[in-house]
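Going line by line, the protein sequences match chains C and S.
First residue of the first sequence? That's 1 in the working numbering, and the numbers climb one at a time after it.
First residue of the second sequence? That's 1 in the working numbering, and the numbers climb one at a time after it.
Calculated from the structure, these hints are not laboratory results.
A hint or two may mislead.
Since the list gives no way to pick out one identical chain from another, each pair is judged satisfied if it fits inside one copy or across any two copies.
[Unchecked claim] Distance condition first, Cα-Cα at most 25 Å in a straight line; then the derived DMTMM-like pairs of lysine to aspartate or glutamate:
#1 362 / 394
#2 52 / 42
#3 25 / 159
#4 52 / 109
#5 25 / 92
#6 18 / 256
#7 362 / 122
#8 163 / 4
#9 18 / 254
#10 25 / 216
#11 339 / 145
#12 25 / 64
#13 339 / 164
#14 52 / 160
#15 195 / 160
#16 25 / 347
#17 162 / 378
#18 195 / 4
#19 162 / 347
#20 162 / 356
#21 298 / 378
#22 195 / 164
The structure displayed is predicted, hence computed values, not measured ones.
Number of protein chains: 2
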Amino acid sequence: MAFDYSTVFRPGLPPPAKRWSGFPKYNFVGGHNDGAAVPVQDFIDAAESVLKREGSTLATYSLESGAQGYRPLREFLAGYLNKSTGMQQTADDILLVSGSLQALDLVNDVLLAEGDTVILEEAAYQGAIQRFNRLGVRGMGAPLDDGGIRADGLSNILDDLKKDGVRPKYIYVVPTVQNPTGTVMPEERRLEILKLARDFDVPIFEDDCYADLTFDGERPRAIRALDSDGRVVFCGTFSKTIAPALRVGYLVAEWDMLSRMSAVKRDGGSGALEQMVLGEYCPAHFEDHVSNLRGVLKEKCDVMLETLSAEFGTAAEVSNPAGGIFVWVTLPDNVDTMKLFEVASSEGVAINPGAEWVADPKTGTHKMRLCFGNPTIEEIRDGVTKLAEICHREFGVPERGANIER
Amino acid sequence: MAFDYSTVFRPGLPPPAKRWSGFPKYNFVGGHNDGAAVPVQDFIDAAESVLKREGSTLATYSLESGAQGYRPLREFLAGYLNKSTGMQQTADDILLVSGSLQALDLVNDVLLAEGDTVILEEAAYQGAIQRFNRLGVRGMGAPLDDGGIRADGLSNILDDLKKDGVRPKYIYVVPTVQNPTGTVMPEERRLEILKLARDFDVPIFEDDCYADLTFDGERPRAIRALDSDGRVVFCGTFSKTIAPALRVGYLVAEWDMLSRMSAVKRDGGSGALEQMVLGEYCPAHFEDHVSNLRGVLKEKCDVMLETLSAEFGTAAEVSNPAGGIFVWVTLPDNVDTMKLFEVASSEGVAINPGAEWVADPKTGTHKMRLCFGNPTIEEIRDGVTKLAEICHREFGVPERGANIER
Numbered sequence: 001m002a003f004d005y006s007t008v009f010r011p012g013l014p015p016p017a018k019r020w021s022g023f024p025k026y027n028f029v030g031g032h033n034d035g036a037a038v039p040v041q042d043f044i045d046a047a048e049s050v051l052k053r054e055g056s057t058l059a060t061y062s063l064e065s066g067a068q069g070y071r072p073l074r075e076f077l078a079g080y081l082n083k084s085t086g087m088q089q090t091a092d093d094i095l096l097v098s099g100s101l102q103a104l105d106l107v108n109d110v111l112l113a114e115g116d117t118v119i120l121e122e123a124a125y126q127g128a129i130q131r132f133n134r135l136g137v138r139g140m141g142a143p144l145d146d147g148g149i150r151a152d153g154l155s156n157i158l159d160d161l162k163k164d165g166v167r168p169k170y171i172y173v174v175p176t177v178q179n180p181t182g183t184v185m186p187e188e189r190r191l192e193i194l195k196l197a198r199d200f201d202v203p204i205f206e207d208d209c210y211a212d213l214t215f216d217g218e219r220p221r222a223i224r225a226l227d228s229d230g231r232v233v234f235c236g237t238f239s240k241t242i243a244p245a246l247r248v249g250y251l252v253a254e255w256d257m258l259s260r261m262s263a264v265k266r267d268g269g270s271g272a273l274e275q276m277v278l279g280e281y282c283p284a285h286f287e288d289h290v291s292n293l294r295g296v297l298k299e300k301c302d303v304m305l306e307t308l309s310a311e312f313g314t315a316a317e318v319s320n321p322a323g324g325i326f327v328w329v330t331l332p333d334n335v336d337t338m339k340l341f342e343v344a345s346s347e348g349v350a351i352n353p354g355a356e357w358v359a360d361p362k363t364g365t366h367k368m369r370l371c372f373g374n375p376t377i378e379e380i381r382d383g384v385t386k387l388a389e390i391c392h393r394e395f396g397v398p399e400r401g402a403n404i405e406r
Numbered sequence: 001m002a003f004d005y006s007t008v009f010r011p012g013l014p015p016p017a018k019r020w021s022g023f024p025k026y027n028f029v030g031g032h033n034d035g036a037a038v039p040v041q042d043f044i045d046a047a048e049s050v051l052k053r054e055g056s057t058l059a060t061y062s063l064e065s066g067a068q069g070y071r072p073l074r075e076f077l078a079g080y081l082n083k084s085t086g087m088q089q090t091a092d093d094i095l096l097v098s099g100s101l102q103a104l105d106l107v108n109d110v111l112l113a114e115g116d117t118v119i120l121e122e123a124a125y126q127g128a129i130q131r132f133n134r135l136g137v138r139g140m141g142a143p144l145d146d147g148g149i150r151a152d153g154l155s156n157i158l159d160d161l162k163k164d165g166v167r168p169k170y171i172y173v174v175p176t177v178q179n180p181t182g183t184v185m186p187e188e189r190r191l192e193i194l195k196l197a198r199d200f201d202v203p204i205f206e207d208d209c210y211a212d213l214t215f216d217g218e219r220p221r222a223i224r225a226l227d228s229d230g231r232v233v234f235c236g237t238f239s240k241t242i243a244p245a246l247r248v249g250y251l252v253a254e255w256d257m258l259s260r261m262s263a264v265k266r267d268g269g270s271g272a273l274e275q276m277v278l279g280e281y282c283p284a285h286f287e288d289h290v291s292n293l294r295g296v297l298k299e300k301c302d303v304m305l306e307t308l309s310a311e312f313g314t315a316a317e318v319s320n321p322a323g324g325i326f327v328w329v330t331l332p333d334n335v336d337t338m339k340l341f342e343v344a345s346s347e348g349v350a351i352n353p354g355a356e357w358v359a360d361p362k363t364g365t366h367k368m369r370l371c372f373g374n375p376t377i378e379e380i381r382d383g384v385t386k387l388a389e390i391c392h393r394e395f396g397v398p399e400r401g402a403n404i405e406r
């Protein structure tokens with residue numbers, strides 16, 4: 001008699017995972033990257049030299065570096081971030097984590113309880129939205145424009161909450177290559193947001209996951225760099241710059257906050273071999289690698305934009321991302337992208353339905369996110385063409401594609 | 001003005017972590033392993049060959065294997081576990097996780113809610129006890145003897161709970177090299193425990209973390225192998241057999257349970273480079289490596305036992321572990337091992353105070369766990385000698401050590 005696990009599951013358990021059956025043919029979802037850009041030989045060399053020198057330290061939890069993670073990688077990061085973002089950090093200010101998803105979990109574990117309120121962007125990272133929902137935390141979506149969160153909109157939300165006696169636990173913001181809109185918040189706006197955070201005494205959680213991947217290699221200073229009172233918790237990752245399967249991210253914060261996040265990180269440390277290999281690889285290669293990767297992604301982005309324009313024409317309003325790996329597409333109101341997602345999935349085209357990438361699901365029903373980092377140029381062309389055909393068949397738009405009436 | 005994080009922390013947050021200041025001189029705590037036994041060159045070779053062949057797959061989350069983890073490693077594990085434990089599994093029955101700590105978290109996340117009851121061993125793994133406490137779950141300690149959990153004791157607890165209308169969510173058991181007592185549960189006892197679980201319709205969580213490290217290389221079949229109705233969730237790890245810093249463990253369970261654990265594993269996959277290197281290394285080397293490691297650990301264990309006998313004499317009742325990396329020591333009632341822990345820590349000797357390794361803290365106040373996997377032979381001798389001196393100074397026992405009156 002098979003044991004019936006449903007009799008012991010806790011209340012509120014999410015539905016079961018499905019068996020994995022391979023990637024879709026046209027994979028426009030997920031933070032996957034360009035396979036050919038993975039620096040395989042340099043990784044082999046780094047693995048050999050770091051393991052030869054200190055491989056035996058794998059015998060201890062967290063190597064010889066303590067719970068904050070492999071010290072040489074933290075030292076590289078401190079130097080790199082100081083240069084690229086304008087922060088002033090040391091290795092002691094950094095906690096290495098298992099990807100930025102663990103960064104979100106740790107910030108949330110320290111700050112959030114059921115019933116709390118956070119402010120996020122009206123279109124925002126799905127992983128953050130899902131976590132707020134799971135924790136029973138209310139996420140208030142702040143309006144966006146081409147410069148990211150609008151200061152007037154944020155001010156209104158903070159005012160309204162204050163009138164209701166609610167102090168939000170933090171403002172979650174992806175200011176540099178916003179996810180999913182691809183915008184970069186100018187420094188002036190960053191200062192305005194920071195001033196509001198100060199006026200209302202709210203911390204900011206700055207998620208800088210895509211910030212190394214602006215196509216022109218330029219970026220404003222981090223909000224954390226502009227802040228003088230330590231109210232900004234900053235996270236980044238190697239998932240987008242090197243490889244997502246590695247699961248190495250980082251948090252930068254005041255010790256008050258870092259020591260609490262470290263205390264709720266009960267995993268015996270994040271994977272050390274990955275930290276060691278990155279710690280060995282990055283000082284010599286990271287900046288050149290990222291510079292090359294920007295070019296690869298820019299080319300794919302251009303193909304994605306060209307093909308969307310050719311196939312969807314005026315039926316699609318498409319973001320013009322400043323970097324990163326995705327575009328944000330607004331279709332006519334009658335296109336239900338959740339339905340489009342289902343039909344396209346069954347035909348080998350994977351897309352992110354917009355409702356999962358907005359604070360208020362009903363504002364995203366006719367939007368979608370398309371990722372271009374992983375598919376080849378040819379797959380982008382063919383997949384977007386196929387998606388336009390499916391969209392036309394299901395919803396009557398686009399009426400014309402590639403100068404051919406459908 | 002520095003932002004005051006204490007105004008936004010959630011209720012019930014644990015105390016902050018302390019800055020890491022290096023390992024203690026005599027390190028008898030933690031699941032650390034023998035540094036010289038880490039197979040460094042074979043790891044370098046494995047990294048080179050697997051990265052050359054499939055390094056570019058790091059560009060996708062979870063490589064080409066899906067959320068259950070790197071398929072070649074799961075295939076190795078299925079074959080190895082079938083041979084060593086008597087289970088009949090395939091790669092599809094295995095979920096790779098970030099160390100067995102994540103295995104505990106996933107089982108708990110699927111099964112436990114505040115107020116639930118679980119049964120564990122009266123002396124048990126600290127990481128499990130801490131998790132129950134944090135979740136507000138009641139842990140009932142079942143009595144142990146030289147064969148692990150006693151069937152009569154377990155039966156009494158299950159009876160009493162049933163009378164109170166309580167169905168425990170699971171029985172947590174480390175049957176093969178019990179932590180901390182080092183015993184191995186014979187097959188006959190396993191069948192008795194399994195029968196009780198069936199009679200009371202309770203699942204079993206079998207933690208087999210140390211099972212590969214019996215000194216004689218022999219082990220009974222896993223409880224999961226003896227079960228015909230899928231009520232046993234099984235976990236293991238490479239932390240003890242290869243290296244703890246790697247953070248690669250595994251869960252083996254029915255799909256009903258595995259699919260739920262996979263659904264609450266929201267980390268974007270566990271570290272892939274580590275899984276790849278293990279997947280490449282293990283088929284050719286794992287069994288030889290573990291066979292060699294058993295000898296290394298047995299020698300250290302013998303030195304630990306000899307030194308404890310010489311230095312503590314009859315004042316200490318010491319376990320005679322069948323394998324693994326620790327001994328369990330019972331001192332006279334007047335020795336407060338939490339105090340001993342504090343004093344010894346300040347003098348460079350790290351021990352596990354017994355109160356943290358028992359279901360009912362007051363039963364462990366005069367006990368301690370000492371790990372011998374990481375220190376050298378000389379450090380074991382010197383450290384245990386120093387510990388005896390401190391214990392004598394603080395508590396008057398042992399009265400004699402190494403034939404010298406103190």
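* How would you classify residue 18 and residue 256 at a CA-CA limit of 25 Å: within, between, both, or neither? -> Between copies only: 11 Å across, 40 Å inside.
* Intra- versus inter-subunit Cα pairing at 25 Å for residue 162 with residue 356 -> Neither: 28 Å inside a chain and 44 Å across chains, both beyond 25 Å.
* To do: Could you place residue 25 and residue 64 in one of the four classes (within, between, both, neither) given a Cα distance threshold of 25 Å?
  => Only across copies: residue 25 and residue 64 sit 13 Å apart there, 44 Å inside one copy, limit 25 Å.
* To do: Tell me, please, which holds for residue 195 and residue 160 at an alpha-carbon limit of 25 Å: within, between, both or neither?
  => within (17 Å within a copy, 60 Å between copies)
* When no copy is specified for residue 25 and residue 92, does a C-alpha distance of 25 Å or less occur within a copy, between copies, both, or neither? -> between (44 Å within a copy, 23 Å between copies)
* To do: At 25 Å max between alpha carbons, let me know whether residue 362 reaches residue 394 within a copy, between copies, both or neither.
  => within (20 Å within a copy, 68 Å between copies)
* Status of residue 160 relative to residue 52 across identical chains (alpha carbons, at most 25 Å) -> neither (59 Å within a copy, 57 Å between copies)
* Measure nothing new, just compare the shortest in-copy and cross-copy C-alpha distances for residue 163 and residue 4 to 25 Å and report within, between, both or neither. => Classified as between; 22 Å across copies, 50 Å inside a copy.
* Asked: Is it within a copy, between copies, both, or neither that the alpha carbon of residue 25 lies no farther than 25 Å from that of residue 216?
  -> For residue 25 and residue 216, neither the intra-copy (30 Å) nor the inter-copy (51 Å) Cα distance is at most 25 Å.
* 25 Å Cα threshold - placement of residue 347 relative to residue 25 -> For residue 25 and residue 347, only the intra-copy Cα distance (9 Å) is at most 25 Å; the inter-copy one is 62 Å.
* Can you give me the call for residue 362 and residue 122, within, between, both or neither, at a CA distance of at most 25 Å? => within (11 Å within a copy, 53 Å between copies)
* **Copy assignment of residue 25 with residue 159, given that the CA separation must stay at most 25 Å** => Classified as neither; 48 Å inside a copy, 56 Å across copies.
Of the numbered hints listed earlier, those contradicted by the structure are 3, 4, 10, 11, 13, 14, 17, 19, 20.
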